[in-house]
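A.B. asks: All chains, full assembly: derive it from the sequences and hints.
Below, each chain spelled out in residue letters.
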Amino acid sequence: MTSPGLEQILFISAALFFIGMYGFFTRRNLITMLMSIELILNSVNLNFIAFNKYVWPDKMDGLFFTLFIIAIAAAEAAVAIAIIINLYRSHQSVDVESAENLKY
Amino acid sequence: MTGSTIIFYLLAALTLVSGVLSVTTRHIFRAAIYLLFTLIGIAGIYFWMQYEFIAAVQIVVYAGGIAVLIIFSIFLTQQAGEKLPKQKMERKIFSALAVFCGFALTMVQVLQHEFPVSVAPVTSPSVNDIGRQMLNVEESGFALPFEVISMLLLAAMVGCIVIAMREKRENLNTEQKNIKRIPNDT
Amino acid sequence: MNLLLLLCIPLITSLAILPVRSRAMVRWISLFGSVAQLAAAVFLFFAYNQERDTGNTAVVLFEDHFKFISNPEINFHFGVDGIAVAMILLTSFVLVAGVLVSWKIEKMTREFYFLLLLLALGAFGFFISLDLFVLFFFLEISVIPKYLLIGIWGSGKKEYAANKLALMLMGGSALILVGILLLYFNAGHTFDVLQLSHTNINGQLQKTVFPLLFIGFGVFTALFPFHTWVPDGHSSAPTAGSMFLAGISMKLGGYGCLRIATFLLPEGAREYANIIIILSAIAILYGAFATMMQKDLKYINAYSSVSHVGFSLLGIGMLTQTAFTGALLQMVSHGVMTALFFAVIGIIYDRTHTRQVNEMGGLMKLLPFTMTAFFIVGLCSLGLPGLSGFVAEMTVFVGSWENADAFHRIATIAACVSIVVTAVYILRAIGKVAMGPLFVNNITKGMESNSMKDATWNEKLALIILIGGILAIGIMPEWLNKLLKPSAEMIMNRFTGN
Amino acid sequence: MNNLSYIALIPLLPLAGFVLLGLLGKKYFGKAAGIIGTLFLFISAALAFYTAYQYFSSGFNGVYQPVIAFKYTWLQFSENLSIDMGLYLDSISMMMIVVVTLISLMVHIYSLGYMKREERFSTYYAYLGLFTFSMLGLVLSSNIFQIYMFWELVGVSSYLLIGFYYDKPSAVAACKKAFIVTRFADLGFLIGILVLSYVSGSLDFNTMIQTLTQPESSTLKTAVASSFLGVSAVTWGGLLIFMGGAGKSAMFPLHIWLPDAMEGPTPVSALIHAATMVVAGVYLVARLFPIFAITTPVVLEVIGWVGAISAVIAAIIACTQTDIKRVLAYSTMSQIGFMMFALGVSKYGGEAGLGFTASMFHLFTHAMFKALLFLGAGAVIHYVHSNEMKDMGGLRKSMPITHITFLIACLAIAGFPFLSGFFSKEEILLAAYQHNAAIYWIALFTSGLTAFYMFRLYFSIFWNREHLAHSEIQTYKKSEGPFVMMLPLIILAIGAAAAGYIPFGKYVSTDGRPLESHFDLSFSILPVVLGIAGIVSAWIMYKKQNPLPDKLSSSFGALYKASYHKFYIDEIYLFITKKVIFNLIGRPAAWFDKNVVDGMVNLTGNATQWLSGRIKKFQSGKLQSYTLLYLMAAVVMAAIIIYVWK
Amino acid sequence: MSDFFLIMKQELAVTAIIFFLLIVKIAGKSKNVEWLPWIQLLLLLNFIGGFFFIQSGTLFADMYHTNGLLAFQKNILSLGVYLISLLCSDWLKKSEHLPEFFLLMCSSLLGMFLLISSGNLLMFYLSLELASIPVAAMANFDLHKKSASEGAMKLIFISAFASAVLLFGISLIYGATGTISFDSLAQVVTDNPLQILAFVFFFTAFTFKLSVVPFHLWTADVYEGAPIATTSYLSVISKGAVAFIFITVLYKVFAPLETVWYWMLVVLSVLTMLIGNLFALRQQNIKRFLAFSSIAQVGFILVAITGTGVDSMASVTYFILIYVFSNLAAFGVAAIISEKTGKENIDEYKGLYKTNPFLSWMLAIALFSLAGIPPTAGFFGKLFLLTAGSVKGNFWLILIAGLNMVISLFYYLKIVRAVFMDKNENPVEKVLVNGYAKMGLVICAAGIILAGLIGPLYDYIRELITIFF
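Residue numbers (this note's numbering), protein chains in the order written: chain H, 1 to 104; chain Y, 105 to 290; chain S, 291 to 788; chain Z, 789 to 1434; chain A, 1435 to 1903.
The hints are simulated quantities; they were obtained by calculation from the structure and are not laboratory data.
Nothing here was measured: the structure is a model prediction, and the numbers come from that model.
Check before you lean on any hint, since a few could be wrong.
In silico lysine-lysine, DSS-like type, Cα no more than 27 Å apart, as pairs [said to hold, decoys possible]:
hint : chain 1 : residue 1 : chain 2 : residue 2
1    : A       : K1788     : A       : K1857
2    : A       : K1580     : A       : K1788
3    : S       : K750      : S       : K655
4    : Z       : K815      : S       : K655
5    : Z       : K1135     : Z       : K1294
6    : S       : K394      : S       : K750
7    : S       : K585      : S       : K750
8    : Z       : K1339     : Z       : K1349
9    : S       : K585      : Z       : K1178
10   : Z       : K1382     : S       : K722
11   : Z       : K1404     : H       : K103
12   : A       : K1777     : A       : K1857
13   : A       : K1788     : A       : K1864
14   : A       : K1826     : S       : K497
15   : S       : K585      : Z       : K1367
16   : A       : K1848     : Z       : K1405
17   : Z       : K1405     : Y       : K192
18   : Y       : K196      : Z       : K1404
19   : H       : K103      : Z       : K1410
20   : Z       : K1331     : Z       : K1349
21   : A       : K1774     : A       : K1527
22   : Z       : K956      : S       : K655
23   : S       : K722      : Z       : K1367
24   : Y       : K187      : Z       : K1410
25   : S       : K394      : A       : K1857
26   : Z       : K1434     : Z       : K956
27   : S       : K772      : Z       : K859
28   : A       : K1826     : Z       : K1434
29   : Z       : K1178     : Z       : K1339
30   : S       : K397      : A       : K1527
C.D. replies: Below you can see the structure in the form of structure tokens.
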């Protein structure tokens, strides 16, 4: 085990990114899918912070990016949950496979 | 192996393991809790990197905000004790494959890439700096994005209100008037 | 003579009928407009001749420039040479006749005439344009009117036919478009035909672009094997639509093949001349033989159009001045002739409600005027001297014979053979329809007292106009020959390098 | 002869008649149309006679030079090649305009009576005018393309006239057949024109003949050298042109249209299918005779043999036909065969050109007596309302004028001494005798047959049975026909009797120099005896009803049957056109178009539709599939660019 | 400071409208419908105002910049929004949440404005989110329709997914180059593998927004589910803005990677045209049909983008302008019919001409323009796209595009045929078109006819581009 640095953090973030992806692809419950999205966004945040710290510490671009992403994630989650709740009202379900009428 | 290293790996393990569990467990509450753990783990890593402000925001917004939002929405939509529906094996395999390929490709590229070694001293940004830059309109200021975010939050708020607070149906016919889909398998 | 006049008259007429409510008014306005257009065309003809007589040897006369777009450089560049003048004359003749035969259309009259005039507008614009882009624009304008005319006012499997026509023509246009763009980007960034003709276009490019343009325009003019829209399209279209399709629209393609593709790309033309000859010889014979088997009058004329247009293309492929002239004569002749043919068929169909030759006979007794026109057009189609078809075909043959090698000879002889086959199917049609005992739809008795009336005044007028055209070319061909020949010579000069 | 352009009026007057009657006839003239048409033609005929008289009376130094009276460029193909409308006056064209206008005038007059009950009387006269115009234009042509044009025009007027009774299906079929068969022959003519015009560089007769008959000229040398299938270009040209002539003149094997053409009104048959149009082929060969004779003797040989074969075959068939017009049709074919082979055995220049003169002579006399025969037959048909021999017999009393004139014509055609046919036929036989013995013997045999079948016809009509089966005819008909019908018969009978005394050799010869007359009575004995033998045998068999003909026919058996069925040539053609061309070319072409070419287009459409149906499952409606595909696409794209493409 | 107002005047105007709407919503007591004309007026003023006092400039360091070209492009978008407000007025009048709808639409429009004006990746990302999140809410505005919530759900999830991928790409770009500013990125971008990977992830955000195959799958579902007002907004405005910034980003920022994205574009454009067309062939729902047709149109836009910067920008700007007219006219007719009769199926359009000639002609003109047939402007639009695309000499691409035009003609004609030729026992009844919608349609038709025939328009656009691009 080497001392942790950029590469380790990038590994974590990439892993988290694709774990989130996996969740997004396989979870049928819309809320859990939303959770997967949050995971993915977190991994991106981690990336930004890591790059900011280890590679480009002279400016705070990455940090700000992360801040804004967090804000947007919140907004996005809010809208998504509103839509999910509305969907739940009309479909009586939050299963993504219950909403597959629009196709072909 | 220093203590900091050990802490880092512990945090990493916490993050990844609870991340994996969060997307695989079939109990939705557990998934939410695992998500919370992951978020806290990431916050820990921020702390570890001495980005305390971000770590704080992470805990406040994510652990405190989004996670709660999610848990509330779980309450709204989920019967207690109900297990999550199973996904088809095929889909799981394909997803795992695609995800693995993506991960491998990304890691290979990231590891192969030689990131420039930073020359500037590693300092953790102070909250003061962050605040000053946030509202600065000059070079390296983020006033405009700040305003944009405010507009976005306004719009999102309005949108959420409209959608989530729908009124009682006045006209039941609207449902019948739904598009009559004609199967177009011809 | 300001060429814009030729665009303005149909445009104004078509716009003028839009707000009109009364059917009769629409008809008269259209007729007035088309007659005005005919007058303008005739005036153009005389003005052109006069200008030439005074020794003006410019490639095109009455040039006009209007800037349209500067990059890519597109200008409204108008001008006419003898070929265009002839085509404009042809188009206006057919336009007047088309307006006249459609007099009885009750269904959406206004829209019908609007589309008819729009179609004519496209043709006029096409013939006077000297800018490839504008030319293409006008060529494309005519697609939609055709589609709607067939689809709305047509008969039979009209939707299928309209679709096929629109799609095939669009496919041809796609090829033309690529060809035009290739030329634009590789030959001096200009769409101007005259400028391009002065540009030295390298051989490889010519060989690439020529097939694109030729096949593209060829689709419009029923080049074998891209002719299948012709039978269906023609037979489903309303009378005036068929007249326009065969009389004008197919000429757009022929004009493009010769005046654009061959003129701009002589080396390309030389490279592919033999293929053109083979295809057109096949088309001539194959079209003729296929016609023999048809039972529907419109199909007969449609397939015979494939065969006749083959002569035009054969003339183009032969690459001699006489053959070029012949090709052009054939275009004009075929235009008038086939329009007349369709007009006659339309009149017959109006009376008998059938187009199957087996379902009628002896109509000479009831419809003597129409049947006389039918005789004339049939005889013209089989190349009787004194009618236009003869002049054109003979010129093509003589021109083709100027190539002394066996290949060209065999192709020419093959084309000649078609005049016999043409005689077979034309006489068969005439024999079945006009002659023999009188009957329609198997009703034999009481036909004499049938309410079937011969052509009405408008139809008579239309027929007379077109017959006049046929006779004018057939009896005194030299005026047309003189008009076309210098222009053909100009195209030929591209080959001989003068 | 100064201003000759008035000659243009000769063809143009009938044209004017056509236009006038065609456009206005029915409405405005009614029955007067016939008079108007006849009047136009009368003027035209008068002019023609005047012109001919002038021409022949003022021959220069015994040589009748061709004169081009008028020329106008109708269509300029290229620098050298143009179609000119001209009037070419030489001895044969002069002779022809006389024949054409005379016969046409006779037919015009005759038709005033014959056709008067027709509803489309004016149309008929219009067509006659058109035909006369075309025929005169044809004979006066100065340009080979001009002749081709008028050639087509006579074809079409013949078509119109054959199909005059258009509601009769047989007439419709006949006119179609006539047109298509001659059209097929014209195809050869056209290609021949192209060949000759290419090698000679001109379409003008004079220039063309000049370049192609000078052995030294370089164009000719190259033309002779360039060959196709072992035959030189000029020969091909000649053969193809002859093909056109053979078609129009109903030479074997392109003769099948002629008998059917008898569906037309009988005066039309007299005019077109006996006297004028059918000899156009002979005229064409005569027109280009120098080329045939000097440059392409092979073709001339072919012409000779084709003529001889046609003559004999037609004669044999004529012996067995029962329709009187068909008998006459085959006899026409046979006589034209005579003219053809006379040309075929002729040589160019001087006395060797006897065949040419004889041919033209025979053309002239034949026009007289054959027109007479047809008009007479017309009168008979008019009288009995039937074409069949079995409906006739014993008519000599009720139709005296017809009987006498018919007899004169029969004698003339049979070569009875001192009637016109005798002189011309003797000349032909002499020419054949001098140059080609085989043809001579064939011709001799044929002339015997001619006498036989003509008198078979004569006896069957006018003798045979004394009392007509159709008794009602006798009660209805008192007169054999109006005066306008009898007058032409009489005039033509005079012509048929006397035309032989015209010193033809003086006027018409290959090179324009007069021929000396070679009339040798001793030579004539054999043909005359044969002729009389024919007449006698016909007298025995057909004067009275007796079983002899039936016996004879059964004893000939197969030959009789074959002859009766016209040697099955029609059937062969029918097989070729219906079975071979329709089924093997037409049908497959139509099928190919409908299924393959069209099929390709439809297939493209259907394939697109099918493909669109196949790929629809990508649009599954499943959000997670969409995103999965999204990621995969991104990863694959990146991987390809990084690992493959770079 | 006055510079600030002038430079950002379009954004400020939209912001003002947003606040106006907010006040209307909060303070307004009466029925919201009464506000519709006023809102339309404001949108019209917004559009007209865009033409005056145009000033170029850069603000907030390099985060925001504008110039005549961008102002023109923003005007096109404003015009589109105005037209939507006219065309969908029937639907809007019935809506319970009229001010909110406009508020969201204007927010999104503001996002678009900022998007095409953005000068760094952060602004790019934020304005993209600002542009897309309200649309997701808008998609759900038919609150009681199942399909609407399904469409909205798909849209929000897939756009969240797409922005996540985009962010991952941006983070890698940031990691590799250390900058998020477009200007400095242009200096430092190279084609090392990590940057290519990052670029591809970044690139997918555009292809997703433009619905390029294979990132298009959401399009049809969302278009079908969403109310037509939203659908037309998505298909025209959103696409237009993204196309503009796409070209800018490719040619201004990632120019060093041109060889990479050139071939990506070629392949994707062929795929997009083909798949879009093939799917459009078999659609029955008019909205879904238009969705696929707009996918195919995007393929043509991509063809143009393979050319050079100036050419592609000029032709795409011009095309989008025409596309605004054509597509909105088509959607407008669909909206009117759907709103009045509930019929959205193409089969139900049969015999429309008999009862509704005006709507039929409008639809026909729009479809012909979409198919690229003269004399409609669509012809010129398509032609300039292809001309731009052939600058580099890749004529196979042009040929394929041409053949795809044939396929597209087939399905456009299918509707024309249904409307004009097919017989129907039970056609769409006579629809009373209200004045606003009529006006909107007439504006569209005039635009379709005139935009092509007025040559100087293209020259003007091109001139703007040569100056500012």
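A.B. asks: State for each hint whether it applies.
C.D. replies: Now for the hints, and whether the structure bears them out:
A distance of roughly 9 Å separates the Cα atoms of A/K1788 and A/K1857; the hinted pair therefore holds under the 27 Å criterion. This hinted pair does not check out: A/K1580 and A/K1788 have alpha carbons roughly 33 Å apart, beyond 27 Å. Of the pairs offered as hints, the one joining S/K750 and S/K655 holds, with about 17 Å between alpha carbons and a cut-off of 27 Å not exceeded. For the hint pairing Z/K815 with S/K655, the CA-to-CA distance comes to about 15 Å; that is within 27 Å, so the pair holds.
With a C-alpha separation of about 17 Å, the suggested pairing of Z/K1135 with Z/K1294 holds against the 27 Å cut-off. For the proposed pair S/K394 and S/K750, the alpha carbon gap of about 13 Å is at most 27 Å, so the pair holds. A hinted pair counts as satisfied when its Cα atoms are at most 27 Å apart, and S/K585 with S/K750 qualifies at roughly 26 Å. For the proposed pair Z/K1339 and Z/K1349, the alpha carbon gap of about 13 Å is at most 27 Å, so the pair holds.
Proximity of S/K585 to Z/K1178 is assessed by CA-CA distance (about 41 Å); at most 27 Å being required, the pair is judged violated. As the CA atoms of Z/K1382 and S/K722 are separated by approximately 24 Å, the hinted pair is consistent with the 27 Å bound. Between Z/K1404 and H/K103 the CA atoms are separated by roughly 9 Å; this keeps the pair inside 27 Å, and the hint holds. Simply put, A/K1777 and A/K1857 have alpha-carbon atoms about 17 Å apart, close enough for the 27 Å limit, and the pair holds.
As the CA atoms of A/K1788 and A/K1864 are separated by approximately 9 Å, the hinted pair is consistent with the 27 Å bound. Between A/K1826 and S/K497, the direct Cα distance comes to roughly 20 Å. Compliance with the 27 Å bound is thereby established for this hinted pair. For the hint pairing S/K585 with Z/K1367, the CA-to-CA distance comes to about 18 Å; that is within 27 Å, so the pair holds. This hinted pair checks out: A/K1848 and Z/K1405 have alpha carbons roughly 23 Å apart, not beyond 27 Å.
About 17 Å separates the Cα atoms of Z/K1405 and Y/K192, which keeps this hinted pair within 27 Å; it holds. Straight-line distance between C-alpha atoms of Y/K196 and Z/K1404 comes to about 22 Å, which keeps the hinted pair within the 27 Å bound. Between H/K103 and Z/K1410, the direct Cα distance comes to roughly 8 Å. Compliance with the 27 Å bound is thereby established for this hinted pair. Taking the CA atoms of Z/K1331 and Z/K1349, the gap is near 23 Å; set against the 27 Å cutoff, the hint holds.
The suggested pairing of A/K1774 with A/K1527 holds, with an alpha-carbon distance near 12 Å, which does not exceed 27 Å. Among the hinted pairs, Z/K956 with S/K655 is consistent with the structure: their alpha-carbon atoms are about 13 Å apart, no more than 27 Å. Distance restraint check for S/K722 and Z/K1367: the Cα-Cα separation of roughly 20 Å lies within the 27 Å cut-off, and the hinted pair is therefore satisfied. In summary, the hint linking Y/K187 to Z/K1410 is supported, as the alpha carbons are separated by about 21 Å, within the 27 Å threshold.
A C-alpha spacing of about 22 Å is found between S/K394 and A/K1857, which places the hinted pair at or below 27 Å, so the restraint holds. Using a Cα cut-off of 27 Å, the hinted pair Z/K1434 and Z/K956 is violated, with the two alpha carbons roughly 83 Å apart. About 18 Å separates the Cα atoms of S/K772 and Z/K859, which keeps this hinted pair within 27 Å; it holds. In summary, the hint linking A/K1826 to Z/K1434 is supported, as the alpha carbons are separated by about 21 Å, within the 27 Å threshold.
Taken as a hint, the Z/K1178 and Z/K1339 pair is honoured in the structure, with Cα atoms around 17 Å apart against an allowance of 27 Å. Among the hinted pairs, S/K397 with A/K1527 is inconsistent with the structure: their alpha-carbon atoms are about 38 Å apart, more than 27 Å.
In terms of the numbered hints stated before, the structure departs from hints 2, 9, 26 and 30, listed from lowest to highest.
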